[in-house]
Each structure stands twice: as C-alpha cells, then as structure tokens.
Amino acid sequence: MARTGWGAMGYEITTGSNDATKIISKDRWNLPLDKGAGILGFDAQTTAGASSVTPGKSILILSGSTETATFALDDSEQFDVLWVFTSGTVALTNQTSTVDANGQIVGLGSASTITLSQTIPKIFIRRTVGSYDAWFEYGGGASVDAGDLTGTELASGVTDSSLTEVGTIDVGTWQGTAVADSYVASASTWNGKQDALTFGISDGNVAKCNDAVVDNDFLKIDGTEIEGRNASEVLSDIGAQASLTFGIADTNAVKIDGSGTATGEYAKFTATGVIGEEVADVKTDLSLNNVENTALSTWTGTTNIASVGTITAGTWTGTAVGDDYGGTGQSTYATGDILYASGANTLAKLTAG
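If you want my numbering, it's the 1-based position in the sequence shown plus 99.
Quick caveat, the hints were computed from the structure, so don't treat them as lab data.
Subject to a maximum C-alpha distance of 30 Å in a straight line, what follows is the list of computed DSS-like cross-link-like pairs (lysine-lysine):
hint, residue 1, residue 2
1, Lys292, Lys319
2, Lys382, Lys367
3, Lys307, Lys319
4, Lys382, Lys354
5, Lys354, Lys367
6, Lys307, Lys292
Across the chosen pairs, the derived CB separations fall in these ranges:
hint, residue 1, residue 2, range
7, Thr399, Gln429, 21 to 27 Å
8, Asp269, Asp314, 27 to 33 Å
9, Ala443, Thr402, 23 to 29 Å
10, Phe368, Val312, 41 to 47 Å
A virtual CB, placed ideally from N, CA and C, is assigned to each residue, including glycine.
Please put together the full structure from these sequences, using the hints given.
Structure below.
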C-alpha cells in the first residue's frame, strides 16, 4: 500500500506486483508532481465489495452492494491511512464491541453499519489495539464531550435516530411525540386524579382563596370563594366586643367577684360583679335570720308571743283568762254558781244552796 513519501526522481520505480518478498512495492514512491494520477500520484483501487477486502492503494472504491466486514492487513502497516468510497451501495460492518480480530472496522458511531458515499470518503487509520490491528474511522473510537463541540446545532441525523440517551434536561419545551404513560413514573397517579378541578363550596368542590387572604387571617366563605378576615373584622362580623367591660352597669359583662363562690349558693351583686352567698347569709341580708321554717298548720305556738291583734274568730282553750285581763279566772262552773267580787280585781264563785 502507498506510504506518505515524496519522491524526487523523474520516473516511477516499480518492482512488479505487491507482495511480501519485494523490498519496495510498486507504489512505494510518488510520481513527479506533473505526472501520474492525483496530487500524490496514487491511483484509486476499485474492487467489488466482499466480506473481506485487501486494500492495495490508499484510495479504495468498493463496487456492488455486498457489505464489507474487514480490510485485510496484507499490504499495510500501522498508521497507514485509507480513503474509502463506494460506486454502488456497499456498507461497512461496524465493530461496536471490543476488537477481537485483525482487520475489523471501527466507526465513530454506534450503528451496526457504516454508510459509504460515492463523493465523500470515509477515512480510516490502521492502529494496533491489544493483540489485534484494526481500522479506525478518522478520530476513531474517541469519546467527545458535548462541551468540546464548537457547533450550536446537531445534525438532523443525530437528533433523529442516533441520540438515545440524555442527562437531566433543565430547560426547554418538549414538542415531539406525546410521552407514553409507560415512560412517566407517576402516570398511574396522574390517571387517578380529577381531569379538571371544580372550584366552589359544594360537596366535592375545591375551595379557592380570593386575592384578599394574607398570613394569620381567619377564613370566611365569600360567595364561592374564601376570603381572609383579620381579628377586628371577625369581631365586627359576629357583633362581638374587642374587649369586655366588667361591672354591673348596662351592657357590662358580669364576673364573679370573690373566690369563695360555690355550687348551690345564691348570687348577690356587688359594686363590681357578683358573689355567691349561702342561705344563712341571704336570710341575714333580708333580716330573716330570726324566722324559722315551720308550718303554721302544725305549729303549737310559743311563749315568746307577747302581743297579737284583734282575734275575730276562734276558740280559746288555754289557761283561764285572769280577772284583771277581762276574764273570770275560773275554769269550771256548776249549775247555780254565782260570781262575786271577792277582792280587788278578783272574782270568785258562790255555789248555790
């Protein structure tokens, strides 16, 4: 295969066919610049595509349509460069995994084949990797970070099919085919949600705040929305005082005015509130402390009564009324007995016969 040397001679040196027994191959030197084929004086080699092709020149044109899997190493050395075209539809097999045989072809992409052009060459360089020599597409096998790219737009071929993995997308708008549920982690949760929210205050509605709600507000239904009310507004809404006025004046709030109030006591107003009083205290306040709770129907009387009013009805059955109190002083009489004054303010009876 041709090497990159510049000949100074005015003629072409040939030794016949290219084979390993020759010291110099027939294409070892270039022709003068004004003669021969091409800038460097190399002729193109045209050969039919086959599973394995042996390049004999640096420019290789593959005809037909048979896919080529390897370029034999017979007439090349490490770092030789090969320009490859097709005059038909030949494609090259791309060794996408680790090189495991001599002559394999390693393309830049991850597709299983390398498409050849009739006008633009694919450039390969022979390189030893481990135990094998393979042909690497120019720049071959190197990984390029996106940050190392100088262009601002990926070719359509990359974005249409070759780009199969991305990192975290922070900015952008998705305008492609709708993402299927199976590729959305929360799709089952999404499907279980209400398609559209219904705002309002009816059963099952979603309550929505209006623009008048601020932090620490109390919430109040306003039509079909929720509005915020501060403390003074709430007091006004319910007709309450901001603070209570304690006392016994009109509209005052009455509070217990003492710590001794207990269950069962009677309430008594003080100057500032109300206290509890026991029964005895109430009787004293009402001057009823000498009144006993006795039924008159069964009361037999008491010696403490020293004065009564006019008795208009009734029967006297007590001790005989004394002479000096308008009585006779007598408790019994017999037929014919006569009362007479037996002394000053004293009556006696005289028995008849």
